[in-house]
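Here the protein sequences line up with chains A and B, keeping their order.
Just so you know, numbering that gives the first Met the number 0 puts the end of the first sequence at 327, numbered straight through with nothing missing.
Just so you know, numbering that gives the first Met the number 0 puts the end of the second sequence at 93, numbered straight through with nothing missing.
Rather than coming from a laboratory, the hints here were simulated on the basis of the structure.
Wrong hints could be hidden among the right ones.
A few chain B residues that face chain A, going by a derived Cβ cut-off under 7 Å, partial list only [stated by the list, open to error]:
id: 1; residue: Q28
id: 2; residue: S41
id: 3; residue: V42
id: 4; residue: L45
id: 5; residue: I57
id: 6; residue: L64
id: 7; residue: N65
id: 8; residue: R66
Ideal Cβ positions, reconstructed from N, Cα and C, are used throughout, including at glycine.
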Amino acid sequence: MPSSAPTLSGLEIASPDVRSAKRPLITSRDLAFLFYYYPLRLLIRIFGERLLSSLLPHAEQACRLLPGFALRNAERRIIRMLEVPPDHARRLARQFMSNRVRAALFDLQLGSEGSVFKPVNLVSHEHLDRALAKGRGVILVSLHTLAKREARMGLERLGTHIWPVIRGDERAYSSHGRILWRFARERLLPIQFTKLNDYITSSDENATLKAVRVLRENGIVVISPDVTTTASVRPVRFLNIDFGISTGSLELARLTGCPLVPMWCWCSDDVCHVEFRPELPVCSGSGEEARSQNLATLVLAMEEQMHAHPDQWEFWNRSRRPVRKEQR
Amino acid sequence: MKVSPTVWTRLERVIAGALGSDVSIAELQQAARLDDLIALDSVALLEFTIGVEREFAIRFESDRLNRDFITDLPALVAYLSERQERQVFAEGQS
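Make a model of the complete structure from these sequences and hints.
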């Protein structure tokens with residue numbers, strides 16, 4: 000059953016305007032961006048659906064031509080974290096790279112006239128319905144998967160309005176120089192962020208209170224706990240490595256009593272799948288024991304998702320900031 | 000507005016319980032903002048907000064749920080006193 004979109008008049012969603020004077024004028028990423036991303040985006044704007052649909056079936060082949068470093072890096076991590084044989088890890092890494100291309104193409108065609116949206120297959124929607132029926136709002140927890148944006152837009156089309164907590168446009172293009180940053184702010188960020196309509200930025204000092212306002216309207220907030228850049232990160236053992244998990248979603252659920260529902264998203268060539276899992280039990284106690292127990296429950300759910308859809312995780316070949324010493 | 004002294008006491012209790020900080024009533028009364036006394040990240044702010052709601056058996060209106068208002072101690076205390084008075088009046092009516 001689709002949820003009604005909460006009307007939150009007066010809820011300012013703009014993120015702070017952060018301009019760094021320390022940025023160089025231009026970086027190597029700017030050059031790659033201008034020579035690769037922008038022309039490709041222009042082509043997709045012109046040819047729209049036709050070009051995209053002809054590109055997608057070749058995504059897998061295109062991945063094989065990508066620099067071996069990214070592929071090897073992903074493969075190495077998959078072996079270490081999922082403990083799978085090397086040949087299986089290689090297959091997963093290739094599929095992951097293919098999914099990355101597919102997700103990038105989806106982003107590129109956003110805003111063009113002929114945008115292609117896959118049909119959405121909702122799995123176990125009753126878990127979300129049951130949680131919404133409690134009338135306290137719902138916190139969806141989902142890993143950073145390559146299908147997250149597409150799935151969110153798919154849910155919107157089906158009438159399920161959700162508020163994602165995102166890192167915000169002040170962090171996007173953070174490794175670019177001042178020239179492209181200005182260009183990005185004017186031309187690219189509006190495309191990338193206006194498509195989201197409503198969102199909460201994690202760097203906003205009112206982020207948690209805004210989430211509470213959404214939840215009290217029986218709205219849906221989606222949070223990805225696999226980030227290391229928020230203040231609420233705690234070190235855990237996650238799939239055989241030391242990892243940082245944000246506990247913001249757990250604290251929100253513990254303090255407000257809102258149901259915490261895992262959401263798994265993955266895309267195949269033709270369909271975007273969104274699966275809701277049973278509500279996670281959250282201890283409401285304020286002690287360290289309750290918090291640790293909640294964290295263990297969340298980690299277990301995240302590991303389950305990783306094993307179910309291992310080729311979808313966005314961070315397989317990304318460098319992640321290690322957990323700070325004081326957090327250990 | 001006349002502020003009930005119990006509001007400060009109850010606020011001190013919330014700060015001790017929810018934030019684990021030992022702040023005296025005198026310090027609270029002298030401070031303009033809670034941020035001046037305690038470092039509040041977004042989760043701590045939420046703990047404090049929910050703690051106040053539970054202590055005073057109220058629910059903040061949507062437009063009051065922001066850091067500026069919640070950490071503005073004189074404004075918060077005035078608001079809580081008013082809510083407390085309204086509660087007493089409502090109980091008296093019933």
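Verification of the hints:
1. Q28: 25 Å, violated
2. S41: It holds, given that the least Cβ distance between S41(B) and chain A is near 4 Å, below 7 Å.
3. V42: V42(B) check passes; min Cβ-Cβ to chain A is 5 Å, inside 7 Å.
4. L45: This interface hint holds because 4 Å falls under the 7 Å limit.
5. I57: 13 Å, violated
6. L64: Holds. Min distance 5 Å.
7. N65: 5 Å, holds
8. R66: 5 Å, holds
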